[in-house]
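Chemist: Chain residues, written in single-letter form:
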Amino acid sequence: MENLYLMMAPLFSLKLLIVLFFGTLFGLILGVLPGLGPTTGGALILPFTMTLDPLSAIVLLTSIYCAGTYGGAITAILINTPGTPAAAATCLDGYPLAQKGEAGRALGMATVSSAIGGIFSVVVLVFFAPLLAKLAYEFGQPEYFALAIFGLTMLASISDGSPIKNLIAGAFGVLISTIGKDFMTSIDRFTFGINELSEGIGFIPVVVGLFAISEMLTQSTLLDQVFKRVTLKAVKLPSIDDYKKTWKTILRSSGIGSFIGVLPAEGGTVASLIGYAEAKRWSKTPEEFGKGSIEGIAGAEAANNAATGGAMVPTLALGIPGSATTAVILTGLIIHGVRPGPDLFREQPEFLYGIFGSMLIANIMFFVFGFFGAKIFARITLVSNKLLWPMIFAVSVCGTYSLNQSLIDVWIMLLFGAIGFFMRRYGFSLVPVIIGLILGELVEGTLRQSLVIFDGNWLMFFTRPIVLTFFILSVIALIFPLIKRKKIKND
Amino acid sequence: MNNVQNKKRANKSSLPFFFTNSFIVSFIIIIISSILLIVTFTFDIVPPILNRGIQPATFPKALLVLIIFLTLIVYFLSLKIPWKKEKKLPKQFFITLYNFILFIIIAKTLDFLLAISVLSFLVSYFWGERRIIYLLLVSILFPIIVFVLFETILGLRFPPGIITNIYYY
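Note that the protein sequences, when read in sequence, are chains A and B.
Going by my numbering, the final residue of the first sequence carries number 491, and the count climbs one at a time with no gaps.
Going by my numbering, the final residue of the second sequence carries number 169, and the count climbs one at a time with no gaps.
Incorrect hints may have been included.
Unchecked claim - Every beta carbon over 10 Å from chain A, so not counted as near; a handful from chain B, in silico:
{"id": "1", "residue": "P16"}
{"id": "2", "residue": "F18"}
{"id": "3", "residue": "L79"}
{"id": "4", "residue": "K87"}
{"id": "5", "residue": "L110"}
{"id": "6", "residue": "I132"}
{"id": "7", "residue": "F147"}
{"id": "8", "residue": "I162"}
Unchecked claim - Some chain B residues near chain A, calculated using beta-carbon distances under 10 Å:
{"id": "9", "residue": "N21"}
{"id": "10", "residue": "V46"}
{"id": "11", "residue": "T71"}
{"id": "12", "residue": "V74"}
{"id": "13", "residue": "I101"}
{"id": "14", "residue": "F103"}
{"id": "15", "residue": "K108"}
{"id": "16", "residue": "S120"}
{"id": "17", "residue": "E129"}
{"id": "18", "residue": "L149"}
{"id": "19", "residue": "I163"}
{"id": "20", "residue": "I166"}
{"id": "21", "residue": "Y167"}
{"id": "22", "residue": "Y168"}
These are computed hints drawn from the structure, not numbers from a lab.
Beta carbons are placed, not taken as given, at the ideal position from N, Cα and C, and that holds for glycine.
Given these sequences and hints, build the entire structure.
Modeler: This is the structure:
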């Protein structure tokens with residue numbers, strides 16, 4: 001009961017409501033703009049959160065996350081281009097339905113299913129995050145090492161890119177985390193005599209470079225691309241028939257999305273693809289999928305928004321990001337001196353339940369904004385890339401510089417922009433780099449501390465049941481993409 | 001079925017192996033990783049009394065070996081299933097990239113704000129924007145707004161330069 005009161009606290013705080021309002025608005029704008037998204041947006045807004053108290057800062061980031069994930073559906077339905085990767089599956093049925101003159105119905109279903117998925121996932125978060133945090137009390141250094149390894153092996157299952165390429169990208173991310181002074185012995189590694197590199201490479205320059213600057217380079221190759229727009233009169237709430245047809249799909253996808261979200265490193269993109277596939281598998285009319293099925297939209301959208309709450313579970317309970325955007329939120333927590341983990345649940349419940357409550361309100365807010373404002377948000381895509389991207393560049397440069405007031409960070413950002421462009425061009429996903437970078441220090445630190453505990457005996461890892469469980473799960477995570485590929489081949 | 005095989009054959013036979021994307025990308029990754037691997041041998045070695053678990057070079061070494069190993073797998077898999085052929089990069093891409101270099105030079109030698117303005121103008125212009133009002137908006141008004149916003153809200157001090165010095169003066 002006390003926790004419920006703590007959850008409702010943001011409703012009575014004008015400051016938090018204002019933060020939520022702007023976070024949701026900003027998230028929707030970012031989600032609507034193809035190439036941008038909650039990850040880039042969160043990274044760009046991070047310096048500004050320094051002016052806020054920790055709760056307001058994280059509320060701002062989480063509301064951007066929730067609204068940005070939904071916002072991708074608007075462009076997916078109206079211009080057949082997903083605003084965010086998580087909305088890719090929404091294009092499959094959203095655009096064909098819009099072409100039939102039912103854009104309002106498609107957007108209505110996307111809005112309702114996204115909001116239900118998001119709210120469902122907050123309930124999951126409220127129940128499961130404290131349970132997982134309690135379990136984390138059993139974790140020592142070896143367990144955290146095994147968990148981080150599990151998180152990294154899960155990168156093989158991220159949908160875009162081949163599993164091995166994803167693992168290479170993940171290892172690259174971990175490698176970046178080793179740059180700078182070794183935190184145990186203070187020995188310089190890969191600094192090449194550059195003093196500024198002794199502190200290591202910051203998370204924000206890498207994220208902004210990989211996502212914003214590489215996207216700018218990508219956009220420079222797509223200048224002749226012409227979007228076919230579908231006109232939208234108004235968003236329509238789904239009819240009783242639509243609800244009857246989709247309520248099971250929405251609930252199923254909400255469950256799938258929440259579960260996928262909880263898994264380390266997996267996010268809304270994987271969730272929406274699985275949610276969509278399962279909606280098709282269980283549908284009475286699978287032949288309609290790809291031609292404007294309302295169930296397809298519901299399946300994908302409920303799942304990707306359900307992944308938002310799910311992804312916050314390991315982020316808050318264990319300090320292991322559930323997705324690329326939660327990696328940014330995790331950085332936000334660390335910057336504000338909040339250490340995620342079991343102690344956070346015991347010592348700062350008002351902070352945690354404030355976040356949970358805010359996520360709930362953000363899901364309701366984007367429903368209202370989306371329902372009444374989708375037409376306006378869709379117009380944002382009319383802003384020409386020739387104007388938009390130079391402006392994003394200016395914000396990226398100043399945002400990156402502002403964290404440490406260091407020009408080296410800006411050069412690093414540009415370098416990673418170029419690296420990110422070529423990685424994407426040759427089929428390497430960028431998300432694993434981010435996850436690898438954020439887990440890198442944890443992997444190495446816990447490995448070395450474990451070896452100290454074990455007196456250098458590696459075999460001792462296998463004597464601990466939780467470690468063994470995570471190792472087995474890691475092997476499954478590595479084998480799973482191969483089995484999946486074989487199954488697809490056989491089908 | 002035949003079509004698929006013909007396509008694969010066409011992809012395989014059209015270029016010598018060292019011109020294929022998979023070879024070039026794998027080669028670059030392996031070369032860079034090998035250089036970094038050699039660099040790890042130059043890291044200081046910690047005496048046993050200070051060493052906690054493993055040497056500071058061990059973990060990066062293991063990672064680099066893993067990257068090389070996985071890249072070799074990727075390359076050999078590409079012999080079976082060739083990578084799709086990428087379109088040639090347009091001139092705007094290279095112009096944008098050159099502008100980044102120009103940005104670094106101007107920011108380092110003249111002024112940070114000026115560098116942002118010049119890049120914004122050039123990118124916008126070479127991407128096809130010709131309306132002078134919009135060019136001015138993007139290259140002068142917007143960078144100034146961002147500059148002032150960061151400066152006032154975050155209390156940021158931008159690096160000194162010909163324009164920034166006037167602002168701070």
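Chemist: Hints the structure violates: just list their numbers, smallest first.
Modeler: As far as the earlier hints go, 4, 7, 19, 20, 21, 22 are violated by this structure, in ascending order.
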